[in-house]
Amino acid sequence: MVEKKPVKEAKPAGASKAGTAKEGAAPKSKSLAHGKVLFQAFKWRGKWRFINKADAEKARKKRLATLAKLKSEGKKIVPKVIKKKRPPIVEKPIKGEKNGETRQIHLKRKSHYPSEKRPKSHFPRGYYRLQKHSFRSSLTPGAILILLAGVNKGKRVVLLKNLESGLLLVTGPFLLNGVPLRRVQPCHVIATKTKLDLTSVKLPEKVKDKLFKRVVEKRKVKKGEKTVFIPKKKSYQPNTERKELQKIVDKQVLDVIKKHPDKKPLLAYLSAMFGLKNNQYPHRLQF
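So in full-length UniProt numbering the end of the sequence shown lands on 287, straight run, no missing numbers.
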């Protein structure tokens with residue numbers, strides 16, 4: 001008599017080994033906890049390699065250990081052959097005298113061809129003013145500067161403050177060289193080693209970037225005038241508020257200069273213009 005083997009129960013359709021879950025195991029949650037890093041977030045940036053450096057170091061040590069083991073056993077280590085990637089653009093010769101002889105051809109066609117050129121993105125107006133600015137170590141309040149551009153180029157001025165807009169607030173003083181309270185670009189300035197102690201100088205609260213903003217008035221057409229577009233030159237004149245602030249600041253700065261031990265040479269230095277003589281080069285001078 002031949003014994004019959006017990007027949008196994010048939011599994012339901014669609015079931016597989018991968019689909020069976022262990023008893024007592026918690027179901028996997030789709031939502032990740034805070035602080036966990038998804039591979040998908042980094043795979044296109046090339047940053048995923050540096051997420052866990054400890055694991056990468058373990059893998060490197062393991063790889064070196066296997067190579068050392070193979071060497072000790074006398075087995076050959078075959079280096080991995082890296083296939084050279086084909087260049088995306090190939091230059092091919094073209095027949096015809098007027099066709100330019102060669103032409104660059106894409107081996108793979110682009111997935112998208114734009115119908116119109118995209119407009120270039122520009123920084124918004126006032127972007128430079130809003131970002132944080134770092135000044136040179138020599139540009140500190142009290143330093144005497146030489147202006148290199150503008151109406152007052154060549155004159156020496158006193159640095160009062162580094163403004164939030166990235167500009168420098170300077171003054172002549174006005175009585176010495178005719179330079180009023182104004183803002184200057186730090187790249188158009190040479191900072192000298194001569195300094196004044198401006199701890200006693202207190203600037204008014206109104207002396208800010210807003211003070212120097214000019215208000216452009218809209219011009220109306222008068223009777224007898226045909227058009228608005230006739231240019232009329234108007235010389236700039238500071239208002240009374242600016243003049244009063246100029247006097248307040250200059251008085252304090254002049255008091256500091258008068259208390260300085262080198263009072264006379266300092267007054268002459270600020271009132272004199274900067275210039276180069278024969279065989280004088282700015283890159284060899286010490287300011």
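Keep in mind the hints are simulated off the structure, nothing from the lab. Among the hints, a few may not be true.
Straight-line alpha carbon distances no greater than 25 Å define the calculated DMTMM-like cross-link-like pairs of lysine to aspartate or glutamate that follow [to be verified]:
#: 1; residue 1: 258; residue 2: 164
#: 2; residue 1: 213; residue 2: 255
#: 3; residue 1: 132; residue 2: 244
#: 4; residue 1: 206; residue 2: 250
#: 5; residue 1: 277; residue 2: 209
#: 6; residue 1: 210; residue 2: 262
#: 7; residue 1: 206; residue 2: 262
#: 8; residue 1: 161; residue 2: 55
#: 9; residue 1: 193; residue 2: 244
#: 10; residue 1: 153; residue 2: 101
#: 11; residue 1: 161; residue 2: 205
Structure-based check of all given hints:
no., hint, result
1, 258 to 164, "30 Å, violated"
2, 213 to 255, "29 Å, violated"
3, 132 to 244, "31 Å, violated"
4, 206 to 250, "15 Å, holds"
5, 277 to 209, "37 Å, violated"
6, 210 to 262, "36 Å, violated"
7, 206 to 262, "32 Å, violated"
8, 161 to 55, "52 Å, violated"
9, 193 to 244, "30 Å, violated"
10, 153 to 101, "56 Å, violated"
11, 161 to 205, "12 Å, holds"
In this structure, the earlier hints numbered 1, 2, 3, 5, 6, 7, 8, 9, 10 are contradicted, and the remaining ones agree with it.
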